[in-house]
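Here the sequence shown is numbered in our numbering, starting from 1 and rising by one per residue.
Hints listed in this document are in silico derivations from the structure and should not be mistaken for laboratory results.
Misleading hints may appear alongside valid ones.
Computed list of lysine-lysine pairs in DSBU-like fashion (alpha-carbon distance at most 35 Å, straight line) [claimed, not checked]: (1) K276 with K208; (2) K276 with K160; (3) K61 with K73; (4) K160 with K208; (5) K276 with K73; (6) K160 with K61; (7) K61 with K208.
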Amino acid sequence: MHLPTIITGLLAGLASIAAAHPGHDVHEEAAERAAFLKRAPPHARSLSHCSPSLTARGLEKANVVRRDHTVRKLREARGWQQHAPLLKARDGLNTSHHSSMDVNLSTDPSVIFRSDGTCILGPDTTQGPYYVTGELIRSDITDGQPGVPLYLDMQMINTKTCEPVPDIYMDFWHCNSTGVYSGVTASGNGNAADESNLDKTFLRGLQKTDRTGVAQIQTIFPGHYRGRATHIHVIAHSINNTETNANNTLTGLYTAHAGHVGQLFFDQSLISAVEKNAPYSTNTQPLTQNADDRILQNEAATIDPFVEYVFLGEEAADGIFAWISMGMDVSQDETVEPAAYYTENGGVENEDAQGGPMGSAPPMGSGSAPPRSSPTSSRSTVPSSSPAPSSSGCSPS
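Given only the sequences and the hints, what does the whole structure look like? Please build it.
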């Protein structure tokens, strides 16, 4: 596992960003994240110390097999030829070049699908804007939203033991292709007068990690809004305080426990490739570059928070398969404050949240959403991974 370090000095002097959400202080969130990364012990800031252990136990090999298998199944489902090249691009925050390589069937999958990116989840950082409790446990969170298909493969690793973290629920949410979040109403988040948005669930959902700490979801590539680089929010729920309801949601609607928080980012070249396509191209909000996002600056100074990815077809619009390893301290347990609750009667704003319902709205959002899905399980459309040979200390995925 190769975990590149992005040099802090190259980030010096980058412009500060304005608050991305009214009532939500991005500068404060950035400061909290920076403080956590500085305060955390070395093993909690990176997974580099886990590389030898993960490789020796065969876990990294299993990752490669699983990712390769998933991409092949996704291509097969679309009727695409398996020998078409996989396009993989990486251009870290501190570089201005776009590098890519054509990969065919003769290429060792380990060259393509190795684990490079890492996201370290912090125990006490702001959970970010628009967090909603009561969302559905499901692998497909699109709810019919238009956009470039995105399939995410995430593996949770205990930063203290370097072991996978099984049976933990991961909560995901992000804006749609034109910068609008579901589940909340606030000034600037699309039509603020449209209270029906409280009852919508698009691009929100949870997945439980398997015995190798892996969770996969299907979504669309997130759009952008003023002041923040393109990203996805992630919360890992507490292992000891998580139970499920009969309607496929988690218990603790009003007393959510988590505190392990992170954000996933994307290469600027990939963002540009996606933004050329409708409906992303109809978004009139200014696009914030990765280099101008203060929260991303804090992340990239210590770890590599960018997902690895390949195109499923010849270009980004054909679909993207992305993966990342996420580290967490499983002993942490914090109470989180949502912007809203999704109840059996629909969405309800949390009036006690700071600044109102998280007080936060991506200004000038222009997207729309389909009707809210019913609170039932959504069938997975992410192909199941094939078993990989087990080895000491890890199970087949």
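We went through each hint and held it up to the structure:
In summary, the hint linking K276 to K208 is supported, as the alpha carbons are separated by about 33 Å, within the 35 Å threshold. The straight-line distance between the Cα atoms of K276 and K160 is roughly 42 Å, outside the 35 Å bound, and the hint therefore fails. Between K61 and K73, the direct Cα distance comes to roughly 18 Å. Compliance with the 35 Å bound is thereby established for this hinted pair. At roughly 21 Å between alpha-carbon atoms, K160 and K208 fall within 35 Å of each other, so this suggested pair holds.
Our distance criterion of 35 Å between C-alpha atoms is met by K276 and K73, whose separation comes to about 27 Å. A distance of roughly 21 Å separates the Cα atoms of K160 and K61; the hinted pair therefore holds under the 35 Å criterion. In summary, the hint linking K61 to K208 is supported, as the alpha carbons are separated by about 22 Å, within the 35 Å threshold.
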